[in-house]
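2 protein chains.
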Amino acid sequence: MNVTTPAIETDLTRMFAPRSAALVGATDNTTSFGGRVFRQMTGFGFPGTIYPVNPRLKELNGLTCYASLKELPETPDHVGIIVSTERVFDVLGDCAALGVPFVTVFSAGFSETGTPEGRERQARLLAFARASNMRIMGPNCNGVVNFVGGFAMTSTAAIIGPRAAPGNVGIVAQSGGLGQINVMWRAMEIGLGISYQSSGGNEADLDTLDFARFMLRTDETDVVLMAIESIKDGEKFKAVAREAAEREKPIVVLKFGGTEAGSRAAASHTGAIAGDDDIFDAVARQYGLIRVDECNHLYETAVLLRRRRWPKGRGAAAVSPTGGNIVQVADAGAGFGIEWPEYSKETQAALAQLMPGYGKVANPTDMTSAATGRQDVYRSALNAIAADARVDMMVPIFASVSRADLQRGADFVDQCDKVAAMLWVGGCTDDAAYTPKTLIRAGVPVYRDATPCMRALRAAVDFGEYVEAHKSGSKEPQRPAGIDFESASAALRECGARLTEREAKRMLAHYGLPVTREALAASSEEAVTLAREIGAPVALKIDSPDIAHKTEAGAIRLGVHGDEAVGKAYDEVVAAARRYAPQAHINGVLVQEMAPAGVEMMLGVLRDPVFGPIVAVGLGGIHVEVLKDVSYRAAPVTLIDANAMLAELRAAKLLDGVRGMAPRDKAAVADLIVRLSWFAHDFRDAVAELDVNPLVVLEHGARVVDALIVRTGNAPTLSLRGTA
Amino acid sequence: MNVTTPAIETDLTRMFAPRSAALVGATDNTTSFGGRVFRQMTGFGFPGTIYPVNPRLKELNGLTCYASLKELPETPDHVGIIVSTERVFDVLGDCAALGVPFVTVFSAGFSETGTPEGRERQARLLAFARASNMRIMGPNCNGVVNFVGGFAMTSTAAIIGPRAAPGNVGIVAQSGGLGQINVMWRAMEIGLGISYQSSGGNEADLDTLDFARFMLRTDETDVVLMAIESIKDGEKFKAVAREAAEREKPIVVLKFGGTEAGSRAAASHTGAIAGDDDIFDAVARQYGLIRVDECNHLYETAVLLRRRRWPKGRGAAAVSPTGGNIVQVADAGAGFGIEWPEYSKETQAALAQLMPGYGKVANPTDMTSAATGRQDVYRSALNAIAADARVDMMVPIFASVSRADLQRGADFVDQCDKVAAMLWVGGCTDDAAYTPKTLIRAGVPVYRDATPCMRALRAAVDFGEYVEAHKSGSKEPQRPAGIDFESASAALRECGARLTEREAKRMLAHYGLPVTREALAASSEEAVTLAREIGAPVALKIDSPDIAHKTEAGAIRLGVHGDEAVGKAYDEVVAAARRYAPQAHINGVLVQEMAPAGVEMMLGVLRDPVFGPIVAVGLGGIHVEVLKDVSYRAAPVTLIDANAMLAELRAAKLLDGVRGMAPRDKAAVADLIVRLSWFAHDFRDAVAELDVNPLVVLEHGARVVDALIVRTGNAPTLSLRGTA
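Chains A and B supply the protein sequences, listed in that same order.
Just so you know, the numbering used here puts 63 at position 44 of the first sequence, and the rest follows in order with no gaps.
Just so you know, the numbering used here puts 569 at position 550 of the second sequence, and the rest follows in order with no gaps.
Simulated from the structure, these hints should not be mistaken for lab results.
Be aware that one or more of the hints could be misleading.
Chain A stretches covered by chain B per the calculated footprint, using a threshold of three residues with CB under 8 angstroms from any CB of chain B [stated by the list, open to error]:
1. 197-205
2. 302-316
3. 337-347
4. 442-449
All figures in this text were calculated on a predicted structure; none of them were measured in a lab.
We put the CB at the ideal spot given by N, CA and C, even for glycine.
So here's chain A without its partners, still in its complex pose (with noise of 0.2 angstroms):
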């Protein structure tokens, strides 16, 4: 169901702030979902016009009801639908013929359904959309909120009562409950200020990746939450995610289910491997985006982004007037890859003088006596220590003290040059009004317990380095010297429809890949001479496009030297491929050299159904195929990207020179990555699937030793788009 769609690009103003919408399906009986919605539409402050519109009723809430949208005495920038399945393409229709630029349809029956005719309806209803020039919500949404120009189309209960002020914090999400309360009213719950909501349902048209670049480009949102199933394409994935490192307002994602597994050929160990999550993970974090698992992680998250502060280092300090919260947060703290430096001597120096007796003091610091009761000795601490330039991110601690206290705490937070969070564990002892809501209110981050503050520290630090690498370049993925299209292509094009070993090794050499060295024998007498120039000992394999599994055939000799050997090999080889299947088409016997023993990784490329191209890494032998210890990027991939690949192995200390053994070239796997992902996108339309099985990597140096590449049996394309 991932239908890609044409990549439009509409300014969504005024379907947010429209001047005047309409509701087509509006009621007074607010158990229906007409009247839900129409009860938001009319009860949210919005400062323009509204058009009910019900055939049934000559006035809703005091506003004149129209019978039908061709009525009205102006052409609205929204309309709502809310009728039954049947009816939405008579609708649609008016709208179409009234040139309204915007619509939203909350009716279902389309592709929820699961149906043979809901799939075909809503086809019929993007096809629609497409010929109309209408931009389209849903089918079987919950409309939008804004919160900063006050209108809401929307049946959600979550925003019941008196309107909250706006805030800088957007949210979109395919589902209604989940994005309205599970996010939105459960962050306006804890402090936060909302800018725009989305909940887009099926998404036939408009998808949550044009909601989210609508409230990127937005002055009011500064951080962006996403709650979704599904993203439908790959591309506008990337040009969102490029747009938001650009304008330094960092997407939340959370995504979960909806695997599909199966819809990808598998005849490759990659493609057997790779889960739909798996992808859309690496893809997230190559991109930038912070990837959370629930929905209050989203709002939790945003607590801390929304100011847009980004720390230099990984460096924190946390400190407290009490030492219960030390060992917590330091333990937290080391389980988001945060830092805890020694503080500078200067820093010490400056510690000695406020709590005297005590020696050197630990990062994080237990203020211990020298602070109780003393807060301006606390506040004294919490600046020598951000003065510290080892000190990239600040975490003061308190348990419960007096707002006065917990009021200086939050301005020392809030002034602060490093970027800071305050963890706030317990209460106010003399103003139980004052809580954690109220300080996040006035834009303050805090956090009540060290996990979700320090998962917000390390997403700032995540962000903040995408935010780097991107204004540096680094991360625009280049094309490396020696790089040759034709000529892959050009053996491409004389290879039959399944490709041997010898012939994917040919198009890999061509972009810059070590293959080993070898060549085709016709006879024994040819093996001779071939092994002869190539130097003993040489391995025989037998190059036929009908046998795939040379190993499961029998069809291969390993570590042969001497002529008579070699001889002998070459017959054995043909003899056990002619036995394994008859019918093949048998090219000859590759004779090869033996590659030097290394440590052995198997790279891979796979097709995924959002994402286009991607490349696999792993270990060898276990670690891919029973320990599933893989990493994964979008092709093309930069230095930066195959380099966290490699570490984010489980088994990348093997690369280290473990047991007594040199460490290995990473570098130049670093640099093969590189150079497949670039065969990978280069030829995405025609390799469906690729497997390097081995890659030994030397300590300098690595060689392909075996290779399968899959054909999609279209022709190959060079893309000229360059870096995607």
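Once you have looked at the hints, place chain B on chain A.
Quick look at chain B alone, frame taken from chain A:
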């Protein structure tokens, strides 16, 4: 710093609920520690007599103030001491003279200072307690709170205001701030009631386990939450855990920090790899404790566990009137090993009637429009699903609905035959004051987010399984047949300070471990004879107590066959050993059968300062050393434990027959683990560390190919205590 306290068991009732209590160092200055503690003593509704002691005051808060304990009209049950460090022992002397049974030393200046004087002072405190027969809490602690009887002797700011009603949650901590703010205050904030709370500080005498045991034994406590940095006594830990299972009152434990790496010798692989936290984690699991990572997890888990109802299995059903939360709850549950079984035919039939036209209903269940605005349909569906025998746990989901609907949901959860928890992600649409706290106060388990809900359900599953196993006796370690301690012990007595491979394996053979057939040759002729007896091929290995690393010495030959080769190998091995260690005493050369090829594992034993002998299991090669894929348990272990150890290994599937190999004999490995654990237990004073590396696991059986035993120098001792 792991001093083992003699296991004195004292009934602590009169400590938590004294008839009379004195506070030495009471003042009227509430900014001082003594003033704050006195305020809590007098303001918490204590029904007994309070005696303030302070020579500078005549009267305090309307109570007569005494110059010293000696002047009191009676001997108090519990005396609190807040005096300068120097004066603590004087006051303790007064307590002893009066025969005071319980003392809490709030004063600091003991081992927490990290100074030799402080440590010496703490040792003196313990000696004083033992000599006087008093039980002492602290020093450097924050006392106890008893919500049941209304007694508080603590300085905490967490119980300011009117005393809250008691509940059934006991809380034990070392740190005052953490236990009283992060756990107790926060638990009360979400609506939980507390029975007892203790913050034991340095724990010279009474420790967290004593307080936990007291709480477990009170009728008022149904679950105990522990926030700790260390455990002093492994045997007491096991005893308290057993009592918790016996009473079906779960202990939830948060333990952090305190890595004391380096406290353990590391001559073996096993010793070098284990972290203290890995071991605590494994032993907690082995003994049925629920371990969590954060303070909030403690009380969140208690929201369900306090009901003391255990699911019969792992099958849960979640039902939502809206779709959005279904995917999230399914994902979160899967992450905790919660299963979502397909409903039975009967249930499907019942649901088909309630949701006409929806076909087969999935679990978790989206009621979709069938339940929109129809809470009667929703409740009928809940009842139908709860009646399904495949369902062990029920999770009805609510977004934002009316008070009446929420109350009916709460009633369902409260009265359901199955273990049930309510997931309420939104608000109450018609009563803002009706919140999750309202329901938690009423005893209903309510969660706002899927993850804590699933974490609590999994905790209930785990504890239920543990209680079942405990009841059935299968958690009592059983000594397998064929263990011969006397012969193993006699063999050890014959060994020198350092055991050779042959000696180590001989000892293990007496415990029924299947070692390779082997014998010692003193000459090349003897080696040839032995090799003929054993059958070719054989391995030859130097046998010397002075050469632990035979491979490094080059004093090993594998796969040798033929008389000539064996004789030559003998000479080479001896020559290599002489070159490597000219001074080494050489017993001869071990001639050994070559084990058939199989999956290589590593079993080990190490000694933990708290938990005693620990068994470790991992796959061989990189899995243990590089990937740290090892599981631990305290010896002796049950067969359940041994199988759980194997299941925990990431690489466990290598035993299941991957890549075309036949499955390996896991049952034999589990039996071996049990035997090795008894060996570790029986020789815990004599054996410091032990490696079986490799253990070769075959399709049928397994073979100990090499073993290393590091002695402590103590004599072997067999425990007669049976299981511990």
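Any of the earlier hints contradicted here, and which numbers?
-> Structure breaks no hint.
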